[in-house]
Each structure stands twice: as structure tokens, then as C-alpha cells.
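Protein chains in written order, with the numbering used here: chain A, 55 to 343; chain B, 55 to 343.
These aren't lab readings, by the way, just hints derived from the structure by calculation. Incorrect hints may have been included.
Partner residues are not named here, just some residues of chain A that face chain B (Cβ under 8 Å, in silico) [stated by the list, open to error]:
| id | residue |
| --- | --- |
| 1 | P83 |
| 2 | K84 |
| 3 | H85 |
| 4 | L87 |
| 5 | D88 |
| 6 | G122 |
| 7 | D183 |
| 8 | S207 |
| 9 | F210 |
| 10 | L213 |
| 11 | L234 |
| 12 | I237 |
| 13 | F243 |
| 14 | A319 |
Here are a few chain B residues that sit away from chain A, every Cβ distance over 10 Å (derived from the structure) [what the hints assert, rightly or not]:
| id | residue |
| --- | --- |
| 15 | R121 |
| 16 | A123 |
| 17 | G315 |
Derived, one-sided and incomplete: chain A residues facing chain B with beta-carbon distance under 7 Å [as the list claims (entries may be wrong)]:
| id | residue |
| --- | --- |
| 18 | T80 |
| 19 | I105 |
| 20 | T202 |
| 21 | K241 |
| 22 | G315 |
Since the structure is predicted, the reported quantities are computational estimates derived from the model, not experimental observations. Glycine included, each C-beta is placed from N, C-alpha and C at the ideal position.
There are 2 protein chains.
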Amino acid sequence: MTRQELTDLIKRKGSFLCVGLDSDITKIPKHLLDHEDPVFEFNKQIIDATIDYAVAYKPNTAFYESRGAKGWISLEKTNDYLNSFGKEIFTIADAKRGDIGNTSSQYAMAFFDHMDFDAITVAPYMGEDSVKPFLNYEGKWVVLLALTSNDGSNDFQTLQPQRSKFWQSMGMDKKLGKPLYEIVMRKSFEWASQYNLMFVVGATRARKLEHIRTIVPYHYLLIPGVGAQGGSLREVAKYGLTKQCGLLVNSSRNIIFASTGEDFAKRAGESAFSMQKEMKALLMRYRVH
Amino acid sequence: MTRQELTDLIKRKGSFLCVGLDSDITKIPKHLLDHEDPVFEFNKQIIDATIDYAVAYKPNTAFYESRGAKGWISLEKTNDYLNSFGKEIFTIADAKRGDIGNTSSQYAMAFFDHMDFDAITVAPYMGEDSVKPFLNYEGKWVVLLALTSNDGSNDFQTLQPQRSKFWQSMGMDKKLGKPLYEIVMRKSFEWASQYNLMFVVGATRARKLEHIRTIVPYHYLLIPGVGAQGGSLREVAKYGLTKQCGLLVNSSRNIIFASTGEDFAKRAGESAFSMQKEMKALLMRYRVH
Chain A
55 MTRQELTDLI KRKGSFLCVG LDSDITKIPK HLLDHEDPVF EFNKQIIDAT IDYAVAYKPN
115 TAFYESRGAK GWISLEKTND YLNSFGKEIF TIADAKRGDI GNTSSQYAMA FFDHMDFDAI
175 TVAPYMGEDS VKPFLNYEGK WVVLLALTSN DGSNDFQTLQ PQRSKFWQSM GMDKKLGKPL
235 YEIVMRKSFE WASQYNLMFV VGATRARKLE HIRTIVPYHY LLIPGVGAQG GSLREVAKYG
295 LTKQCGLLVN SSRNIIFAST GEDFAKRAGE SAFSMQKEMK ALLMRYRVH
Chain B
55 MTRQELTDLI KRKGSFLCVG LDSDITKIPK HLLDHEDPVF EFNKQIIDAT IDYAVAYKPN
115 TAFYESRGAK GWISLEKTND YLNSFGKEIF TIADAKRGDI GNTSSQYAMA FFDHMDFDAI
175 TVAPYMGEDS VKPFLNYEGK WVVLLALTSN DGSNDFQTLQ PQRSKFWQSM GMDKKLGKPL
235 YEIVMRKSFE WASQYNLMFV VGATRARKLE HIRTIVPYHY LLIPGVGAQG GSLREVAKYG
295 LTKQCGLLVN SSRNIIFAST GEDFAKRAGE SAFSMQKEMK ALLMRYRVH
């Protein structure tokens with residue numbers, strides 16, 4: 055899907071909601087366990103109930119892999135079902151992959167050839183040749199980890215080993231004073247553009263979005279951490295929205311596990327609708343239309 | 055497997071060879087394609103031919119995922135077959151996973167519960183809570199990416215943003231002057247010890263091992279990049295061996311694709327034997343016995 059198509063989709067639906075399919079088989083409603091593929095059945099009903107309010111879906115591969123090959127079958131069926139909606143939705147494999155070039159090429163085959171996701175999340179630690187193989191696909195996207203929503207993001211991502219003002223006053227290279235997540239973002243400009251690259255920025259860091267928008271005024275950002283992890287949608291919109299939206303805000307548990315009873319799909323739909331209403335108001339307030 | 059068991063295994067076999075099962079279905083001998091599961095059949099014959107010379111096997115998950123659920127079945131069967139050798143071998147899932155805590159827990163389930171590998175490679179970018187769930191398993195290991203063998207490792211891993219001598223003379227924290235891979239290693243000491251943690255250090259950086267051994271004098275290191283990627287076994291041994299060995303040196307393509315004819319297993323065995331002979335001599339030379 056192209057950037058323009060994604061932006062048009064967001065405007066049409068009045069939503070920048072991404073539904074995270076972290077479909078833990080131990081947490082889905084018990085009455086589904088009689089189905090041949092309970093996780094796929096769960097996903098299908100969640101998708102049907104939320105598709106009017108969401109622009110993107112993001113299966114988290116870990117929750118499928120934990121069930122082995124069977125889980126991968128659920129994932130493949132989910133991908134097929136998502137693709138049956140064509141350009142009505144944007145699909146992200148939340149896989150956090152990244153390895154040396156010939157290996158990343160195989161991961162790209164897994165998610166872009168064997169399956170057909172629009173995007174994949176990629177970890178940047180191994181650098182350029184670990185990311186580039188994912189960029190060789192027309193119309194496909196890399197969503198690069200920048201500043202994540204977890205506590206551990208402070209261990210390395212926000213390290214800023216140098217006092218930048220001091221060095222600037224000494225005439226030293228300013229770049230060296232940036233935190234790692236910013237160095238990652240700036241470096242990635244050499245590999246890709248806002249037309250095939252997004253960044254993960256956690257909603258728990260909403261205030262940091264103001265600074266991040268000075269680095270990436272145009273790129274789409276994928277924002278996890280709203281809801282269960284504590285981030286605020288209003289703060290995210292305030293500091294992160296651009297004139298072309300530029301945001302996909304993910305919600306997983308708050309939607310897919312809104313209820314664990316037989317009404318799970320209905321309640322998921324209500325939860326997604328409630329977020330979409332808030333998003334529509336925010337899109338109007340910040341004049342994204 | 056415990057550290058002592060691994061060290062004993064290495065001494066008994068006179069080898070610190072890890073065979074990388076990067077079993078690309080487009081590269082395996084054509085006559086195997088008639089088998090019901092060609093990749094598993096390939097792996098089985100490779101394992102049988104090399105088991106006297108290798109102490110570890112490392113399937114690279116990308117080469118299985120690229121074939122979807124079918125590939126995962128090959129991976130699961132390979133894991134079962136490896137486990138049939140019990141403590142004769144150490145098994146590593148080369149998966150480069152890492153995500154927020156509840157997600158890393160699912161990956162740990164995939165590789166330690168659903169399958170039963172001894173170790174998994176983990177990417178450190180997301181910090182402590184992305185690594186810890188893998189450490190909750192008795193007798194299981196995390197192999198943390200530190201300094202990898204690819205060109206992209208220079209993009210972030212070797213960044214050393216501060217002039218350490220200057221800051222040291224100013225009485226500032228020395229730690230800040232270290233390159234990222236060293237910060238990663240030192241930080242991980244807070245989470246784990248040499249009894250459940252190893253590091254990936256590329257053989258293309260053999261000279262760096264001298265410095266790395268000042269940081270981690272006791273930890274096992276998993277060294278990829280010997281052979282096809284250009285690293286030298288002799289250099290690796292010279293700078294990396296400890297009194298208890300402390301090294302697992304991986305070779306993939308040079309062994310598993312030594313021949314693509316019907317003699318592939320025989321040739322793989324010869325290639326592994328040739329490396330084992332060299333390793334045995336190095337273990338004697340550096341008095342690891």
C-alpha cells in the first residue's frame with residue numbers, strides 16, 4: 055500500500071486505529087476452543103467486529119509461534135483473511151526481525167512473499183544490511199524500532215553519552231550528542247524515506263513526540279502502548295499528528311480482550327468504535343482532513 | 055545444559071564447532087526434493103555426518119519461516135531429532151528475538167517450552183525486560199547480540215560517542231565512553247551471569263576479541279562469520295579462547311553446502327572433521343584440556 059493510499063484510508067474512515075492481534079490462546083473466550091482453529095476463529099470475529107473503525111491490523115508473531123507450526127497456520131489464515139479486505143486495511147507483521155543480509159532476506163520472504171503483509175517491524179541493532187532486504191519490495195514498509203514503550207527502552211535507546219551543549223560550544227560534531235533512538239532514525243534516512251519507512255515510538259513517551267517530530271516531520275509513526283500500557287491518545291495526537299495524520303495508534307488488549315465472554319466480538323467492536331470516535335474528533339481538532 | 059556440561063562436552067569431543075543449519079531449500083541437493091520433508095531429511099543427514107565433530111547445532115529460524123508453517127514443521131522435527139542425542143550436543147535457536155516482556159515470554163515459550171532448545175539468540179535493543187523472560191528457564195541460555203559479523207554492525211554497535219580519556223581526566227563516568235556493544239555487555243551483567251548468558255561476537259572482528267576478553271573473561275562467546283564471511287579460526291582462538299574454552303565457533307555454508315551433489319553429507323562430514331582437527335590442535339596449543 056502506498057503512503058497516499060494509507061492517508062486516504064485514514065481520512066475516509068476517520069480513524070488511525072491499529073488493532074493488535076496479540077491473540078493469546080490462553081486468554082481467548084473458552085467457547086471458541088471447540089473450533090478447529092480457535093485463534094483464527096477469534097481473529098476473524100474480532101476483525102469483522104472492528105473493521106469499520108480500524109485502518110490497520112497487527113498480528114504479533116510471538117503469540118502464534120508459542121504454539122509452533124499450528125500457530126503459524128493460524129497466522130497464515132489470519133493474513134489471508136485480512137488480505138480478503140484488499141486496500142480497506144493496512145497489515146503489519148509485528149515480528150521485530152533483523153539479521154545479516156542473507157538472513158533478513160529470508161525473513162522478508164516469510165512476511166512479504168509467503169505471506170503478504172504490507173509492513174513488518176524490524177529491530178535496528180544490526181544496522182543497514184539487516185534492514186535493507188525488507189526495503190526491496192515495492193509497496194511494502196519497514197516499521198523500524200526507535201523508542202519503544204517498555205521500561206527497558208531506557209537501557210540503550212535513550213543513552214545520550216555526551217553533553218551536547220558542551221561539545222557544540224567546543225565546535226564538535228553535534229550528531230554525537232543524540233540519544234541512540236535518534237541516531238537510529240537519522241541513519242535510516244540513508245536507506246529509506248517516508249514512503250516506505252515508519253518508526254515505532256511508544257505512547258508512554260508521548261511528550262517525546264514533540265522532539266521526534268522535529269526529526270521526522272513527515273514519517274508515519276506506529277504508536278503502541280495506548281491503554282493497557284498507560285499511554286494517552288490525546289497526548290499522542292497533540293504531539294504526534296501531522297497534516298497528513300502520520301500516526302497509527304495500536305491498541306491490543308483493550309480491544310481484543312474487552313470481554314472474555316461470548317460477547318467478546320461485540321465488546322471489541324464497541325471498544326474500537328469508542329477509540330475511533332475519539333480519533334475522528336482529534337483529526338478534526340488538528341485539521342487533518 | 056549447564057556450563058560445566060558444555061565445557062566437558064567440548065573437551066571430550068576436542069571441538070568447539072557449532073554447525074549452522076541455514077538450510078535454504080533452494081540450495082539443498084536436488085535429489086532430496088522427492089522426500090516428504092526435504093529440509094528435515096537434509097538436516098538429519100547433515101547431523102548424522104557431523105555429530106562426531108560438532109558440539110552444537112544452530113538452526114537459523116529465517117530459513118524455516120520463509121516456507122511458512124511447513125518450514126516450522128521442518129524446524130520442529132529438526133529440534134526433536136537434535137534432542138534425541140541428549141547431552142551429546144548443545145542446541146541454539148538462532149532467532150534474534152526480543153520484544154516487550156509479555157511478548158518475549160511468548161517467544162521463550164516457543165523455543166524453550168513448545169520446542170526444547172538449549173539457547174536462543176536475542177537482540178538487545180529493547181533492554182532488560184525484553185531479555186529477562188528468556189532467563190527464567192533453568193538450564194537454558196540467552197545468546198545476546200553484542201558485536202555482529204556484518205558491515206551494518208558499524209552503524210550502531212561500535213558507536214562510541216564520547217572521548218573517554220578526556221572525560222576520565224575530568225572525573226566523569228568512564229562507562230559513557232564505551233561503544234554500544236560494550237555498554238550492552240556490561241548492562242547485561244545485571245540480568246544474568248556466565249552460567250546462563252553468552253554473547254555473539256563476529257569472527258570478522260577477531261582482533262576485537264582481545265579487548266572483549268577484558269570485559270568478559272569467562273563468558274562463552276558464539277562466533278559466527280568463520281569461513282564464508284571471511285573470519286579466521288586461528289585468530290579467533292588466539293584472542294578468544296579461555297582456560298575453559300569459552301568459545302563456540304559457528305560454520306554454516308562451508309559445512310552444509312560443501313557439496314550440492316549426492317555426496318553432500320559425506321562432504322559435510324569431511325569439512326566438519328577438518329575444522330575439528332584444527333580446533334583440537336588449537337585447544338592443545340592454548341592448553342584447554
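Of the numbered hints stated previously, which ones are contradicted by the structure, given in increasing order? Going through the list in order, the structure violates hints 1, 2, 3, 4, 5, 13, 14, 15, 16, 18, 19 and 22 and respects the others.
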